[in-house]
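Undergrad: One letter stands for each residue in the lines below.
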Amino acid sequence: DVKVTQSSRYLVKRTGEKVFLECVQDMDHENMFWYRQDPGLGLRLIYFSYDVKMKEKGDIPEGYSVSREKKERFSLILESASTNQTSMYLCASSPSGQENSPLHFGNGTRLTVT
Amino acid sequence: GDSVTQMEGPVTLSEEAFLTINCTYTATGYPSLFWYVQYPGEGLQLLLKATKADDKGSNKGFEATYRKETTSFHLEKGSVQVSDSAVYFCALRSGYNKLIFGAGTRLAVHP
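Respectively, the protein sequence lines represent chains Z and V.
The first sequence: position 50 = 50 (this note's numbering), numbered continuously.
The second sequence: position 89 = 89 (this note's numbering), numbered continuously.
Warning: the hint list may mix true and false statements.
Derived DSS-like pairs (lysine-lysine); straight-line CA-CA distance at most 25 Å [as the list claims (entries may be wrong)]:
no.	chain 1	residue 1	chain 2	residue 2
1	V	Lys52	V	Lys98
2	Z	Lys53	V	Lys52
3	Z	Lys3	V	Lys98
4	V	Lys98	Z	Lys70
5	V	Lys98	Z	Lys55
6	Z	Lys18	Z	Lys53
7	Z	Lys70	Z	Lys18
Which chain Z residues face chain V? A few, computed with CB under 7 Å, are given here [what the hints assert, rightly or not]:
no.	residue
8	Tyr10
9	Val12
10	Gly16
11	Asn84
12	Gly108
Treat the hints as calculated values from the structure; they're not laboratory data.
The beta carbon of each residue, even a glycine, is placed where N, CA and C say it ideally should be.
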């Protein structure tokens, strides 16, 4: 079974802090994604990566950056956390070359910015 | 741009009731369509999918048919169980890598 592991289940940070959310997958997938989930808005794509050191902006990249130094790890960075970034963050991965393959999700990190 | 619209919840049903969760989409071309489910405290997992018009996806008693003429992909189950209580997301694949999700519909099933 594919396993996508997010390092923290819950995180509380202060406004202005730099925040790192970590995600690791164990299936050698090329594609990795960061979404945020908010009530009534569903999931919105922040960034995705289709290879090591490659990244693409999603629909809501403002205030975020990402890092993909190794194939299995995809980090989401909040350069200066703000209260409107309080949300549930979901990481996902999928293999490339298989257009209809499902995304495999981690269990999420619930971030609260105070 | 591409988008997915699904019925607002919560949907509250008694055990063994019939379930329909409506989903419609707007997309250029012929996207693949998906239903994902999120159980409490977990990430999303794929429930079923359909990749072309008139395809029917099915899994765990759930079904959805890809209707190009009505741009719909409604989720149905003939007899729900308490264990089906979860949030259900309709999604379409837009471009090679991108999934676009609806807002989600919370289902609560009572004994």
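Undergrad: So if I understand the rule, the pair passes when the alpha-carbon distance is 25 Å or less; does lysine 53 (chain Z) with lysine 52 (chain V) pass?
TA: 34 Å, violated
Undergrad: Is the interface hint satisfied for valine 12 (chain Z)? The criterion is a beta-carbon contact with chain V at less than 7 Å.
TA: 18 Å, violated
Undergrad: Have a go at the glycine 108 (chain Z) hint: is there a Cβ in chain V nearer than 7 Å to its own Cβ?
TA: 6 Å, holds
Undergrad: Could you grab the alpha-carbon distance between lysine 70 (chain Z) and lysine 18 (chain Z) and see if it respects the 25 Å cut-off?
TA: At roughly 21 Å apart (the allowed maximum being 25 Å), lysine 18 (chain Z) and lysine 70 (chain Z) satisfy the hint.
Undergrad: Are the Cα positions of lysine 98 (chain V) and lysine 55 (chain Z) separated by 25 Å at most?
TA: 13 Å, holds
Undergrad: A closest beta-carbon separation below 7 Å is what the hint needs, so does glycine 16 (chain Z) meet it against chain V?
TA: Hint on glycine 16 (chain Z): violated, closest Cβ of chain V at ~29 Å, above 7 Å.
Undergrad: Once the shortest beta carbon distance from asparagine 84 (chain Z) to chain V is found, is it less than 7 Å?
TA: 18 Å, violated
Undergrad: Can you confirm whether the C-alpha distance between lysine 98 (chain V) and lysine 70 (chain Z) stays at or below 25 Å?
TA: 21 Å, holds
Undergrad: Hinted pair, alpha-carbon criterion (25 Å max): lysine 52 (chain V), lysine 98 (chain V). Please report holds or violated.
TA: Holds: lysine 52 (chain V) and lysine 98 (chain V) sit about 17 Å apart, inside 25 Å.
Undergrad: Next pair to validate is lysine 3 (chain Z) with lysine 98 (chain V); report whether the Cα-Cα distance is within 25 Å.
TA: Distance ~20 Å between lysine 3 (chain Z) and lysine 98 (chain V) Cα, so the pair holds.
Undergrad: Holds or violated: are the alpha carbons of lysine 18 (chain Z) and lysine 53 (chain Z) at most 25 Å from each other?
TA: 21 Å, holds
Undergrad: If you take the shortest Cβ to Cβ gap from tyrosine 10 (chain Z) to chain V, is it below 7 Å?
TA: Cβ of tyrosine 10 (chain Z) sits 11 Å from chain V, so the hint is violated.
Of the hints listed earlier, those the structure fails to meet are numbers 2, 8, 9, 10, 11, in rising order.
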